[in-house]
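Trainee: Throw the hints in and build the complete structure from the sequences for me.
Be aware that the sequence shown starts at 220, since it is given in the working numbering, and climbs by one per residue.
Keep in mind the hints are simulated off the structure, nothing from the lab.
Take these hints with a grain of salt, some might be off.
With a straight-line cut-off of 35 Å between C-alpha atoms, the simulated DSBU-like cross-links for lysine-lysine are [said to hold, decoys possible]: (1) Lys296 - Lys286; (2) Lys505 - Lys473; (3) Lys382 - Lys329; (4) Lys560 - Lys382; (5) Lys473 - Lys516; (6) Lys413 - Lys296; (7) Lys516 - Lys542; (8) Lys560 - Lys581; (9) Lys505 - Lys516; (10) Lys516 - Lys581; (11) Lys581 - Lys505; (12) Lys560 - Lys413; (13) Lys382 - Lys405; (14) Lys413 - Lys329; (15) Lys405 - Lys505; (16) Lys382 - Lys473; (17) Lys473 - Lys581; (18) Lys413 - Lys473; (19) Lys473 - Lys296; (20) Lys405 - Lys516; (21) Lys560 - Lys516; (22) Lys505 - Lys560; (23) Lys405 - Lys473; (24) Lys329 - Lys296; (25) Lys405 - Lys286; (26) Lys413 - Lys286; (27) Lys286 - Lys382; (28) Lys382 - Lys413; (29) Lys473 - Lys542; (30) Lys382 - Lys505.
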Amino acid sequence: MKTHRMVFFGSVFSGQLESRFALTLSLLFLLFAARPCCSQNPSGVAPPAQQNFALADTASLSVIGGKAEPVEYLGRKAVRLTTQANSDIFAYVNGSSIQDGTIEVDIAVKITTPPGVRMPGFTGLAFRTRRDGSQYDMFYFRPRNAQSDDQAMRNHSVQYVAKPDYDWYPLRRQWPWVYESWADLKPETWTHVKVEIHGRTAQLFLNRSNSPSLVVNGLKGEALQGGVALWGYPGEESYFSNLHISPSNPLPIKNGGEADGIWNAVFASDYGRFEGVMNLHRDGTKITGTWSGAFGKELAVTGTWRDGYVELRFMGGWQEDPKSTPVPAVATLAGWIDDDKAAGRMKVEGRADGQWSAVRQKTR
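Mentor: And the structure:
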């Protein structure tokens, strides 16, 4: 009898466990079913924490090339950057870090050069930067240009650069009007700046507008991750206040994309759509190959490769219409390779400009 009682009580206890287990599974199912869809964060990993810097003092700054000091300007506590040397000032924000996400800060610039000296105001915000200032992407601002009655100068109000290789001069000469734009700016006025970074794209928003003042597709900086820095120019006073960095989960891209292979390319230009096939070979930083399709067959391609970033050129024939005689024209492509896809800017010198994309053919 004792044995039977032990079996009986054991079976009852086991049944109770099974019932509780089933109930727990049901509750868990209902709990997860009621949660919002996780497609906004498919990795399930929480984004990095927000970083806040009031910039009411200089404790968080490492300064190169000038002086940073705490001040009160236009009714708020801020940091002022000045330099007397014939070089800019770079103030790295210690503890800052971003790959993808949003940077917000308030910026003002006071022009202190003597009357008659043309100085449109220069101040900027650098991101994905190294601590020593040797490499960074940056948006910078020229408020007095925004007030000019010369439209060409107005178009130089906000600009993008990537140090050390892609300062304003090569970008403006190689890709006119692509990396700069007009924006409604004024000297000696606080401007709210927001930069949104997603992979190889950055957008600049001013004064809480929902429309970007400048969009950069294919950031040219060498790094996908780095700190944030404040930037100023000789002969002026730059002011910064209330810096907020809100990192997000980064897009799954990495540098080092391989150029070798056969690529089906599309050039979506302001003149029309053109297609071609590139057969590329890389030897270190040097690229050679051919282009066939629009503009000609088996055209020799030359170029360079830097950690997945490519710049390519070839000489082809341009026709205004199918009946006209082709005239020589130089085509230039610049952009990034990510796995088996590539994209960037392309132009046919003096003829057409736009974006290109390409997909690598699969090998059997």
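Trainee: Look at each hint and say if it fits the structure.
Mentor: Outcome of the hint check:
1. Lys296 - Lys286: holds, 17 Å
2. Lys505 - Lys473: holds, 20 Å
3. Lys382 - Lys329: holds, 24 Å
4. Lys560 - Lys382: Roughly 25 Å separates the two Cα atoms, so the pair holds.
5. Lys473 - Lys516: holds, 33 Å
6. Lys413 - Lys296: holds, 19 Å
7. Lys516 - Lys542: Holds, at about 18 Å.
8. Lys560 - Lys581: Holds: lysine 560 and lysine 581 sit about 11 Å apart, inside 35 Å.
9. Lys505 - Lys516: holds, 22 Å
10. Lys516 - Lys581: holds, 22 Å
11. Lys581 - Lys505: holds, 23 Å
12. Lys560 - Lys413: Answer holds: lysine 560 to lysine 413 is near 29 Å, not above 35 Å.
13. Lys382 - Lys405: holds, 26 Å
14. Lys413 - Lys329: Since the Cα atoms of lysine 413 and lysine 329 sit roughly 20 Å apart, the hinted pair holds (cutoff 35 Å).
15. Lys405 - Lys505: Distance of about 45 Å is beyond 35 Å: violated.
16. Lys382 - Lys473: holds, 20 Å
17. Lys473 - Lys581: holds, 20 Å
18. Lys413 - Lys473: holds, 25 Å
19. Lys473 - Lys296: Given that 35 Å is the threshold and the Cα spacing comes to 39 Å, the pair is violated.
20. Lys405 - Lys516: violated, 52 Å
21. Lys560 - Lys516: Given pair lysine 560, lysine 516 holds - Cα atoms ~23 Å apart, limit 35 Å.
22. Lys505 - Lys560: holds, 19 Å
23. Lys405 - Lys473: violated, 38 Å
24. Lys329 - Lys296: holds, 16 Å
25. Lys405 - Lys286: Holds - the C-alpha atoms of lysine 286 and lysine 405 are around 24 Å apart, at most 35 Å.
26. Lys413 - Lys286: The hint holds at about 25 Å.
27. Lys286 - Lys382: Satisfied, since the Cα-Cα distance of roughly 21 Å is no more than 35 Å.
28. Lys382 - Lys413: holds, 20 Å
29. Lys473 - Lys542: Violated - the C-alpha atoms of lysine 542 and lysine 473 are around 45 Å apart, more than 35 Å.
30. Lys382 - Lys505: Holds, at roughly 22 Å.
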